[in-house]
Amino acid sequence: KAGVTQTPRYLIKTRGQQVTLSCSPISGHRSVSWYQQTPGQGLQFLFEYFSETQRNKGNFPGRFSGRQFSNSRSEMNVSTLELGDSALYLCASTSGPGNEQFFGPGTRLTVL
Amino acid sequence: DQQVKQNSPSLSVQEGRISILNCDYTNSMFDYFLWYKKYPAEGPTFLISISSIKDKNEDGRFTVFLNKSAKHLSLHIVPSQPGDSAVYFCAASHQGAQKLVFGQGTRLTINP
Numbered sequence: 380k381a382g383v384t385q386t387p388r389y390l391i392k393t394r395g396q397q398v399t400l401s402c403s404p405i406s407g408h409r410s411v412s413w414y415q416q417t418p419g420q421g422l423q424f425l426f427e428y429f430s431e432t433q434r435n436k437g438n439f440p441g442r443f444s445g446r447q448f449s450n451s452r453s454e455m456n457v458s459t460l461e462l463g464d465s466a467l468y469l470c471a472s473t474s475g476p477g478n479e480q481f482f483g484p485g486t487r488l489t490v491l
Numbered sequence: 412d413q414q415v416k417q418n419s420p421s422l423s424v425q426e427g428r429i430s431i432l433n434c435d436y437t438n439s440m441f442d443y444f445l446w447y448k449k450y451p452a453e454g455p456t457f458l459i460s461i462s463s464i465k466d467k468n469e470d471g472r473f474t475v476f477l478n479k480s481a482k483h484l485s486l487h488i489v490p491s492q493p494g495d496s497a498v499y500f501c502a503a504s505h506q507g508a509q510k511l512v513f514g515q516g517t518r519l520t521i522n523p
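Residue numbers (the working numbering), protein chains in the order written: chain P, 380 to 491; chain W, 412 to 523.
What the hints contain is simulated information worked out from the structure, not anything from laboratory work.
Predicted, not measured: the structure shown is a model, and the values here were computed from it.
Errors might be hidden in some of the hints.
[What the hints assert, rightly or not] In silico SDA-like cross-links for lysine to any residue, where the CA-CA straight-line distance does not exceed 25 Å: (1) P:Lys436 - W:Gly507; (2) W:Lys510 - P:Asn435; (3) W:Lys416 - W:His483; (4) P:Lys436 - W:Ser460; (5) W:Lys510 - P:Ser449.
[As the list claims (entries may be wrong)] Part of the chain P face toward chain W, derived, beta carbon under 7 Å: (6) Ser410; (7) Ser412; (8) Gly421; (9) Leu422; (10) Phe424; (11) Glu427; (12) Asn435; (13) Leu469; (14) Glu479; (15) Phe482; (16) Gly483; (17) Pro484; (18) Gly485.
Backbone N, C-alpha and C define an ideal beta-carbon position, used for all residues, glycine too.
Make the full structure from the sequences, and use the hints.
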């Protein structure tokens, strides 16, 4: 069974631009969550999607948004990029509540 | 307010010995706990989990202990192997929510 895949693996953007990251969950998993990892704040929850609906949201500004498609693939978008948005963005999928989340390799975003 | 804390940023253990990684939490609503292992530039890899209805869960060389009264969990790795060298994160969630709250991580180094 293929794992969680994320594209692209690396991105370099400049301040003010916007970016879209993509995540394909493990086949059969309908829940997709996004996390941000930075050296200062660690791993922080961004949001979770299930059946194309956002179920949970972390404490991030509205510049961070996401969506999920009918095939469970998910995208997250960050608009008006700031230097502090430089981070590893991780996507995780799970088969259901109370089950472990499986993470993808992440997208390393650098904002210059 | 950090709800999940790993107070040891690093730990060094001799190969073949036991590694014990600790984690404390403050939110008594947490009812599901997980340990992840992470290598640089990769996503976290799920190791083992425990529900709050249990106080111990074993999987091969990995055992997780949960002390609800102390709001403390620990991961034991026996015997430790060089391939165990990585950063270990504990995480917690409640009521089946897919929002994981992570600790800051402990870097484990296994010395030959």
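Does the structure keep lysine 436 of chain P and serine 460 of chain W at a Cα separation of 25 Å or less?
-> holds, 23 Å
Would the hint on phenylalanine 424 of chain P stand, with a C-beta cut-off of 7 Å toward chain W?
-> holds, 5 Å
Double-check glutamate 479 of chain P for me: the hint is only fine if its C-beta lies closer than 7 Å to a C-beta in chain W.
-> holds, 5 Å
Interface hint for asparagine 435 of chain P, Cβ within 7 Å of any Cβ on chain W = The hint holds - asparagine 435 of chain P has a Cβ within 7 Å of chain W, the shortest such distance being about 5 Å.
Minimum Cβ distance from glycine 485 of chain P to chain W below 7 Å?
-> Glycine 485 of chain P check passes; min Cβ-Cβ to chain W is 5 Å, inside 7 Å.
Hey, lysine 416 of chain W versus histidine 483 of chain W, does the alpha-carbon distance stay inside 25 Å?
-> holds, 10 Å
Under the criterion of a CB-CB separation shorter than 7 Å, is proline 484 of chain P in contact with chain W as hinted?
-> holds, 5 Å
Is the straight-line distance between the alpha-carbon of lysine 510 of chain W and that of asparagine 435 of chain P 25 Å or less?
-> holds, 7 Å
Minimum beta-carbon distance criterion (7 Å), glycine 421 of chain P to chain W = Holds, because the Cβ-Cβ distance from glycine 421 of chain P to chain W comes to roughly 5 Å (cut-off 7 Å).
Restraint check, 7 Å cut-off on beta carbons, for serine 410 of chain P near chain W = Holds, because the Cβ-Cβ distance from serine 410 of chain P to chain W comes to roughly 5 Å (cut-off 7 Å).
Closer than 7 Å between Cβ atoms is the bar; does leucine 422 of chain P clear it against chain W? Give me holds or violated.
-> holds, 4 Å
Can we keep the leucine 469 of chain P interface hint, with Cβ of chain W closer than 7 Å?
-> holds, 5 Å
Every hint, counting from the list given before, is met by this structure.
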